[in-house]
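Participant: Given the sequences, and given the hints that come with them, work out the whole structure.
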Amino acid sequence: MSGTVEARLAQLGLDVPTAPTPAANYIPWVRTGNLVYIAGQVPMKDGAFRWVGKVGAEWSMDEGKQAAREVALNILSQLKAALDGDLDRVVRAVKLNGFVNCVPDFVHQPAVINGASELMIEVFGDAGRHARSAVGVASLPFGVAVEIDGVFEVR
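Position 41 of the sequence shown, counting from 1, maps to 43 under my numbering, and the rest follow consecutively.
A couple of the hints might just be wrong.
Label pairs and their computed distance ranges (CB to CB) [claimed, not checked]:
| id | residue 1 | residue 2 | range |
| --- | --- | --- | --- |
| 1 | F51 | N99 | 15 to 25 Å |
| 2 | D86 | S62 | 33 to 43 Å |
| 3 | V153 | A26 | 19 to 29 Å |
| 4 | T6 | V137 | 31 to 41 Å |
| 5 | S141 | A113 | 13 to 23 Å |
| 6 | T6 | N36 | 16 to 26 Å |
| 7 | G87 | V109 | 36 to 46 Å |
| 8 | A59 | G5 | 37 to 47 Å |
| 9 | V32 | D90 | 13 to 23 Å |
| 10 | S141 | Y28 | 14 to 24 Å |
| 11 | S135 | T34 | 13 to 23 Å |
| 12 | Q13 | D107 | 36 to 46 Å |
| 13 | Y28 | V137 | 18 to 28 Å |
In silico SDA-like cross-links for lysine to any residue, where the CA-CA straight-line distance does not exceed 25 Å [said to hold, decoys possible]:
| id | residue 1 | residue 2 |
| --- | --- | --- |
| 14 | K97 | Y28 |
| 15 | K97 | T6 |
| 16 | K97 | R71 |
| 17 | K97 | D86 |
| 18 | K47 | E65 |
| 19 | K47 | Y28 |
| 20 | K97 | R33 |
| 21 | K97 | R134 |
| 22 | K47 | D17 |
| 23 | K47 | G15 |
Calculated from the structure, these hints are not laboratory results.
Everything numeric in this text was worked out from a predicted model, so none of it was measured.
By construction, the Cβ of each residue, glycine as well, lies at the ideal position given by its N, Cα and C atoms.
Facilitator: Below, the structure written as structure tokens:
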């Protein structure tokens with residue numbers, strides 16, 4: 003569907019990919035009432051895991067931020083699937099939970115997850131502002147650098 007959010011995505015030069023299929027025994031999103039919960043998304047493009055490695059070792063903070071931005075596009079792909087292709091039904095981003103696969107002394111997880119937060123604001127404007135957690139972890143599935151899940155209020 004083409005709408006205000008799709009026009010904004012086009013202006014930003016962003017393509018929302020086809021929603022990736024789950025890598026395990028879960029569903030990628032659940033809608034209950036006016037909330038859509040998006041399962042943890044990772045940096046995957048064209049069926050391949052990207053950004054494999056640790057922030058602070060294989061990846062810099064800025065590269066981790068790029069990985070988080072890519073993950074945010076996968077979140078949007080799942081959200082789009084949940085809303086029958088119509089991202090204009092998003093009322094607001096409620097919460098993002100960001101996990102950064104990083105070396106033990108890395109302390110800039112919020113800066114990494116800003117890649118996703120900033121994309122939500124670029125796409126949805128003030129409705130993209132959200133509550134958030136950003137934590138460092140010892141490892142993530144498939145060795146990826148970032149995993150993020152989210153909650154969105156929808157119509």
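Participant: Could you tell me which of the numbered hints above are not met by this structure, giving the numbers in increasing order?
Facilitator: none
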